[in-house]
Amino acid sequence: MRRQLREAAAELILTAALLLLVSTVVRWLLAPDSPAVAAVPDPTLRLAGVALAVGAAIALVMSPPARRFTAGHLNPAVTVGLWALREFPGRAVLPFVAAQLTGSALGTGLGRAVWGPMADTAAVAPGEAWSGTAVLVLEAAAMAAMTLLAAYALIAPRLARALPVLMGGSVAAAIVGLGPVTGGSVNPARQFGPALWSGQTAHLAAYVLAPVLGALLAAAAFRIVRARARTHVRPRVRSLGPPHAL
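Each residue of the sequence shown is one higher than the last, beginning at 476 in the numbering used here.
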């Protein structure tokens, strides 16, 4: 229990740091008054800069040295997904989620204190032609894909070693790919703090629920497929000696 409390505290601190980073890079790469707008007119390139910064931060937090001190979730949907995969204790879910959401609000508040109201641009919103339904579907699908990747890594040691880079890359790809459509949050904590501080709460429920729903659906699908695969594995019989199960 003491270890879980330490890890929950680490989740709060690191999620706050992540949201401070997000507020900073969005402020200086995407805000309308940023010098980057004139220097790099293409918004996709500036969005890619945000994606690289956030993806690198996720990969760093998930690296083996960092994992000695933290679970490295920084995302309530990750916590819930790992619980659904039976890889995370249920009693720690609520403390982790509370820590992540608190860290989100704290980190965004720090960003606003440092950079002023323009830090409010960290809050994402659907593109002009898109609705809250698109947010729900696409954000859930993106989180489902990440959850399946993490789930497979749990049974594939070679993939597990590359998981920090793969997950960081997946987050970066989601930011670039979904940015013009949903804003590319894929993390309830990513949107929670910025939405509260900026007052842009119109689609907050979709941004919070969609990744959790995607993680739960992916975890359920993975467990069903894996259970069926196990039931279809038959013993391999050698020509000499007793049969040996795979």
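Note that these hints are calculated values from the structure, not bench results. Hints may contain errors.
Stated by the list, open to error - Have a look at the derived ranges for each label pair, beta carbon to beta carbon:
#1 A511 <-> A702: 43 to 51 Å
#2 T706 <-> P539: 30 to 38 Å
#3 L634 <-> A702: 18 to 26 Å
#4 L634 <-> L535: 33 to 41 Å
Every value quoted in this text rests on a predicted model; they were computed, and no experiment measured them. Here a beta-carbon is modelled for each residue, glycine too, at the ideal position from N, C-alpha and C.
**Prompt:** Taking each numbered hint in turn, which are not upheld by the structure, reported in ascending numerical order?
**Reply:** The structure breaks only hint 4.
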